[in-house]
Amino acid sequence: MENNIIFDLKNITVAYGDNIVLKNLNLSIHDREFITLLGPSGCGKTTTLRIIGGFIEPDEGEVFFEGKKINGVPPYRRQVNTIFQRYALFPHLNVYENVAFGLRLRHLPEKEVKETVREMLELVNLKGFEKRHISSLSGGQQQRVAIARALAVKPRVLLLDEPLGALDLKLRKDMQVELKNIQQRLGITFIYVTHDQEEALSMSDTIVVMDNGLIQQIGTPEDIYNEPRNAFVADFIGESNIVDGIMLKDLYCQFSGQKFECLDKGFAPNEQVDVVVRPEDVDVVPVENGMLKGTVTSVTFKGVHYEIIVDIGGFKWMIQTTDYQAEGDRIGLYIEPDAIHIMKKSEYSGMFGDYSSFSEEYEELSNAEEPEDDEDNGEEEDL
Amino acid sequence: MNTRSSLGSKLVASPYIIWAALFIIAPLFFVVYYSFTTASGDFTLANVQALTKYLPTFLRSIWFGIVATLICLVIAFPTAYIISQKSDKIQRTMVMLVMLPMWMSFLIRTYSWMAILQDTGIINSFLAKLGIDSVHMINTGGAVILGMVYNFLPYMILPIYSVMAKLDYSMVEACQDLGGNRLTVVRKCIIPMSVPGIVSGVTMVFVPSVSTFYISQKLGGGSFDLIGDVIERQFQQSYNYNLGAALSLVLMILILISMAFMNKFSDEGEMVI
Chain A
1 MENNIIFDLK NITVAYGDNI VLKNLNLSIH DREFITLLGP SGCGKTTTLR
51 IIGGFIEPDE GEVFFEGKKI NGVPPYRRQV NTIFQRYALF PHLNVYENVA
101 FGLRLRHLPE KEVKETVREM LELVNLKGFE KRHISSLSGG QQQRVAIARA
151 LAVKPRVLLL DEPLGALDLK LRKDMQVELK NIQQRLGITF IYVTHDQEEA
201 LSMSDTIVVM DNGLIQQIGT PEDIYNEPRN AFVADFIGES NIVDGIMLKD
251 LYCQFSGQKF ECLDKGFAPN EQVDVVVRPE DVDVVPVENG MLKGTVTSVT
301 FKGVHYEIIV DIGGFKWMIQ TTDYQAEGDR IGLYIEPDAI HIMKKSEYSG
351 MFGDYSSFSE EYEELSNAEE PEDDEDNGEE EDL
Chain B
1 MNTRSSLGSK LVASPYIIWA ALFIIAPLFF VVYYSFTTAS GDFTLANVQA
51 LTKYLPTFLR SIWFGIVATL ICLVIAFPTA YIISQKSDKI QRTMVMLVML
101 PMWMSFLIRT YSWMAILQDT GIINSFLAKL GIDSVHMINT GGAVILGMVY
151 NFLPYMILPI YSVMAKLDYS MVEACQDLGG NRLTVVRKCI IPMSVPGIVS
201 GVTMVFVPSV STFYISQKLG GGSFDLIGDV IERQFQQSYN YNLGAALSLV
251 LMILILISMA FMNKFSDEGE MVI
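Sequence lines, in order, name chains A and B.
First residue of the first sequence? That's 1 in our numbering, and the numbers climb one at a time after it.
First residue of the second sequence? That's 1 in our numbering, and the numbers climb one at a time after it.
Please note that the accuracy of each hint is not assured.
Claimed, not checked - Keeping only pairs whose Cα atoms sit at most 20 angstroms apart, straight-line, the calculated EDC-like set for lysine to aspartate or glutamate is:
hint	chain 1	residue 1	chain 2	residue 2
1	B	Lys188	A	Glu110
2	A	Lys249	A	Asp264
3	A	Lys111	A	Glu122
4	B	Lys188	A	Glu97
5	A	Lys293	A	Glu307
6	A	Lys302	A	Asp264
To be clear, the hints were calculated from the coordinates, so they are not data collected in a lab.
Quick caveat: nothing in here was measured; it's all calculated off a predicted structure.
Kindly produce the complete structure, drawing on both the sequences and the hints.
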């Protein structure tokens with residue numbers, strides 16, 4: 001990744017009436033990086049993307065493109081193209097004309113248009129689809145046409161607004177790999193918006209976690225997962241047990257009534273903190289060897305592992321283990337120092353990380369996206 | 001579909017079938033029958049042959065229809081676009097305003113235009129007060145076309161508006177995104193995607209404009225006979241049902257041809273009417 005900054009957002013604030021969507025947002029985007037804006041719906045990620053695209057003017061703050069202020073520059077004068085959530089393909093044009101649309105607006109010679117369209121359709125694996133009507137394409141194919149159409153005009157930056165939201169799981173995984181490949185091959189900047197943490201982790205160079213119009217954390221996928229800055233990030237990215245703790249001194253902390261060694265330092269002595277322990281980092285041991293002891297309250301088979309909920313002094317922990325534990329068993333838990341991550345208290349403390357009300361169904365519902373392209377799978381696999 | 005449910009669907013459809021047979025098929029049959037018979041009921045082509053002398057009237061009707069339709073389109077397209085860009089509440093109010101004149105009788109509306117356009121009418125008395133010479137407006141071709149435009153404009157605005165209101169705004173954004181300025185967005189995106197509405201609006205204005213009879217009598221003062229007037233006279237004054245039917249038949253065929261022509265423009269042959 002190169003170090004030159006292509007987009008710079010400075011002190012951006014956007015409000016609709018009383019509803020503040022973005023609060024004093026600062027974000028630098030580097031050239032050629034795959035950056036993901038991740039957060040729940042309403043966190044301001046799409047608004048940020050639309051500011052970059054030029055579809056929304058911020059109420060306050062400045063937008064810089066390669067050091068030049070571009071507030072007020074309309075979308076058609078920006079070297080940025082967008083893949084819209086619902087693709088926004090032109091229904092009155094066929095695949096070829098959709099991809100050629102931007103090129104024709106630039107009055108390029110027909111030969112060049114033809115060459116570029118061919119190249120782009122090849123890039124997205126849609127060779128031979130030129131004459132097809134948009135309505136005859138599956139969701140995945142429409143997605144590819146949208147990508148080809150946006151890339152045909154050779155943007156410096158491609159904006160993607162939840163582009164895979166309407167696709168089914170398998171297709172989504174394939175497209176993730178494909179998008180990442182395209183980005184690396186073309187060497188352009190991708191700014192990707194999603195609420196899917198797994199998608200963000202697997203594709204991005206940099207993840208920007210947002211909530212409530214504020215950036216919660218910026219970092220590499222590993223940073224975000226291993227060193228979440230607050231309870232919101234820890235909970236939103238992956239599963240986390242988040243318990244109240246006290247930082248006794250550097251490298252020593254206390255939670256759930258026990259003292260633990262850890263790797264964190266730099267806190268005030270006896271500072272109140274949030275402690276994060278990932279479910280996969282906990283070892284199940286016989287009860288007498290356990291650093292913590294608890295009762296199994298539920299067991300779910302997940303294929304790779306069992307997901308068990310353990311009641312430790314009234315706080316429900318989620319543990320992922322490959323060994324079966326029966327409901328009602330007393331077990332011990334062993335936690336390595338590097339499995340413990342300490343975070344400063346934040347406004348999110350106490351809101352997340354307890355699995356007593358955990359229900360998978362609820363989780364599914366909150367991620368529900370319109371599943372509309374059920375019939376696509378069959379066709380897609382031939383590609 | 002199995003026989004039982006098709007019997008059921010037949011039963012459900014029967015009132016409409018009877019209605020259609022009684023009020024659509026039968027009258028059509030009578031029109032054709034009268035067209036090719038004499039008053040005493042013998043077969044003849046005389047009615048159809050007599051039509052040649054009405055050729056100028058036919059041409060004038062079609063010409064006026066085309067002009068009125070074009071004017072409606074030019075007014076309606078931007079109007080519909082502006083309405084569709086407003087907030088939901090304003091959209092509802094504006095659509096209501098467009099439809100408001102339709103709540104009044106067609107006859108009253110046309111009479112009102114007489115009062116407005118007359119040599120001693122509202123406009124001219126206003127001009128006289130300002131010391132400007134009066135302008136002769138009533139009983140001109142322009143007045144007839146004005147009457148058509150005024151009366152049929154909502155039929156152009158509403159279908160175009162309803163297509164535009166449903167238009168996915170992200171298409172417009174996609175067009176801007178790919179390098180289209182405002183003019184390009186309208187030309188390459190909004191117009192092509194509004195075609196179904198335009199086709200249906202054009203049909204709904206052109207057909208009644210061509211066949212209207214009242215507007216030309218009141219605002220044209222009898223000097224701009226349209227085909228509708230001729231037909232009306234055959235039935236109301238001359239009691240020549242046979243010639244009237246023949247005229248109607250030709251008018252009907254003309255309208256069918258123009259509708260087929262218009263529908264060619266709409267995408268994938270989806271019928272708009």
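Exercise for review: Tell me, in ascending order, the numbers of any earlier hints that this structure violates.
Suggested key: When the structure is compared with the hints, only number 6 turns out to be violated.
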